[in-house]
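Visitor: Sequence:
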Amino acid sequence: MRLIPYLILYLIFCILSSPLAYANDYIQISGLIDLRSTFSDGSYSIEELVNIAKNRALEVVIFTDHDRIEMEYGLFPFRHIIKKRIERPSVLKIGAEKYLNKIKEVGYKYPEMILIPGVESAPFYYWTGSIIKGNLTAHNWEKHILIIGLEKPEDYNNLPILSGAFSTNYVSQFLPATLLFIVSVLFGIFLIRWRGIYRKIGIIVFILSLLLIINYHPFKSSMFDQYHGDQGILPYQELINYVNEKGGMTFWSHPESKSGIDKKGRIYVNTPPHPDDLVKATGYTGFAALYGDNITVTEPYGQWDTVLQEYCLGKRAKPAWGISGADYHSEAGGKLGEFPTIFMVKEKTKEEVLSALKNGRMYVYQGSIDYRLSLDRFTVSDPSTHSQATVGGEISAKGSPVLEIKLSSSDKKNYTIQGRIIRSGKSINTFSGTTPLEYTYRDNYFNPDDKIYYRIDVKGPGILVSNPIFVRFIGEGKGG
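Using the working numbering, read the sequence shown as starting at 446 and increasing by one per residue.
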């Protein structure tokens with residue numbers, strides 16, 4: 446019986462020493478964000494995607510089928526009546542309720558998997574050029590935002606996007622013009638009661654006014670249209686605000702992708718890289734820090750650091766978190782599992798995964814589907830107060846922070862790796878070695894009342910990027 450307390454202490458030590466549990470006993474589970482199914486332009490059904498993910502040791506699948514795949518061009522002045530429209534399968538075309546129900550249905554069949562609904566949205570695009578001149582161009586048609594965590598069909602149906610469902614959200618903005626056309630209809634009716642030329646004029650006024658009411662009705666899904674040029678960040682901010690009100694999350698998808706410039710049939714599409722949108726927009730949850738393209742926003746002093754420093758200075762209400770964007774459509778475009786996001790959770794539940802997404806308790810990886818780098822530990826602590834935090838967290842420090850980093854490979858093999866420690870946008874230290882690797886760094890930095898953050902990135906067999914850990918200095922400081 447005397448051995449029982451020692452056995453309990455031994456078990457606690459083993460748990461705390463495990464690479465899957467640290468900083469308040471978080472466990473790590475791997476998942477994928479940004480997958481497309483046959484509900485839009487993906488090659489596999491929702492169940493097929495879940496089955497592939499399960500067989501590749503992934504435990505979380507976050508679906509982001511397109512909310513709407515549509516392009517429309519109309520002729521002035523009746524652009525919404527005399528128009529050419531091309532539409533492909535999407536969540537809103539097939540039905541948001543069917544989409545959500547299918548994800549739930551598959552979830553019941555695979556209870557060991559965590560399935561979360563979402564969509565990829567391009568809320569706005571605009572036209573320039575002319576079909577006659579051969580230079581008709583759709584701008585920003587592929588500027589996408591991922592929406593995650595909305596569970597009600599009506600929340601998807603009412604998204605503030607072009608060509609969405611009828612909505613009352615913008616009636617107050619459009620009603621004055623509509624009332625003007627209604628007055629014009631009444632005037633036409635008044636003229637029709639007369640004879641001769643007045644009657645003919647009245648008929649013309651009545652018909653034109655009626656068409657204008659139909660064309661400019663106030664029940665639009667967006668306060669913007671595609672015929673009045675670039676609207677800057679406003680259409681995207683409108684979407685972000687809407688999703689926040691509904692309790693969901695938003696992530697900028699592939700902000701530096703160069704694949705958005707192309708020719709499709711007789712028209713051009715032009716969506717250039719837009720990393721500065723991370724700085725222009727506010728209130729969004731995060732962005733794709735890794736995906737299948739060249740990325741610079743995560744480099745020291747890049748747009749991500751600008752956003753994080755604005756948060757530290759109190760200019761933003763919340764930071765921006767990094768995720769891995771799979772952008773998966775089929776095996777032809779890359780293997781499912783090459784871009785995992787690793788969530789740190791208290792227990793394996795959907796609620797915990799959503800909480801990790803919302804609060805930055807995750808790191809991201811790009812590499813082989815057969816093995817990956819594992820960030821077994823990344824903490825910042827203050828020895829003088831014994832406070833400690835991991836990714837997404839924050840501590841108050843009276844002394845110089847101490848960083849502890851542990852890395853290994855999931856296949857237990859030895860790989861050469863190189864890493865950087867970044868403090869508030871500046872690369873302050875590098876480390877290298879062979880997995881498994883342990884590294885401790887004491888940062889002799891202290892500035893009373895200052896708020897800073899640390900993040901790391903690692904290259905070796907693939908790329909690993911952590912989310913930041915924040916530190917607020919208090920007192921006069923004890924480090925040096």
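Fair warning: there could be bad hints in the mix.
To be verified - Straight-line alpha carbon distances no greater than 30 Å define the calculated DSSO-like cross-link-like pairs of lysine-lysine that follow:
id, residue 1, residue 2
1, LYS851, LYS896
2, LYS896, LYS499
3, LYS791, LYS538
4, LYS708, LYS763
5, LYS725, LYS896
6, LYS803, LYS904
7, LYS843, LYS791
8, LYS691, LYS843
9, LYS763, LYS703
10, LYS708, LYS780
11, LYS791, LYS763
12, LYS793, LYS554
13, LYS543, LYS803
14, LYS803, LYS793
15, LYS795, LYS851
16, LYS578, LYS703
17, LYS857, LYS896
18, LYS691, LYS803
19, LYS795, LYS703
20, LYS538, LYS760
21, LYS499, LYS803
22, LYS904, LYS791
23, LYS499, LYS528
24, LYS871, LYS725
25, LYS904, LYS793
26, LYS543, LYS499
27, LYS793, LYS871
28, LYS554, LYS708
29, LYS703, LYS543
30, LYS703, LYS803
31, LYS499, LYS843
Stated by the list, open to error - Cβ pair distances, simulated, as ranges:
id, residue 1, residue 2, range
32, ASP894, LEU625, 21 to 29 Å
33, ASP738, GLU550, 44 to 52 Å
34, ILE706, GLU755, 15 to 23 Å
35, ARG533, GLY779, 16 to 24 Å
36, ASP894, PRO717, 37 to 45 Å
37, ILE706, GLU599, 31 to 39 Å
38, ILE919, LYS780, 42 to 50 Å
39, GLU776, LYS538, 22 to 30 Å
40, ILE539, ARG865, 22 to 30 Å
These are calculated hints, taken from the structure and not from any lab test.
Virtual Cβ for every residue (Gly too), placed ideally from N, Cα, C.
Visitor: Could you work out which of the previously given hints the structure breaks and list their numbers from low to high?
Guide: Checked against the structure, the hints that fail are numbers 2, 3, 4, 8, 17, 19, 20, 23, 27, 28, 29, 31, 32, 33, 34, 40, while the rest are satisfied.
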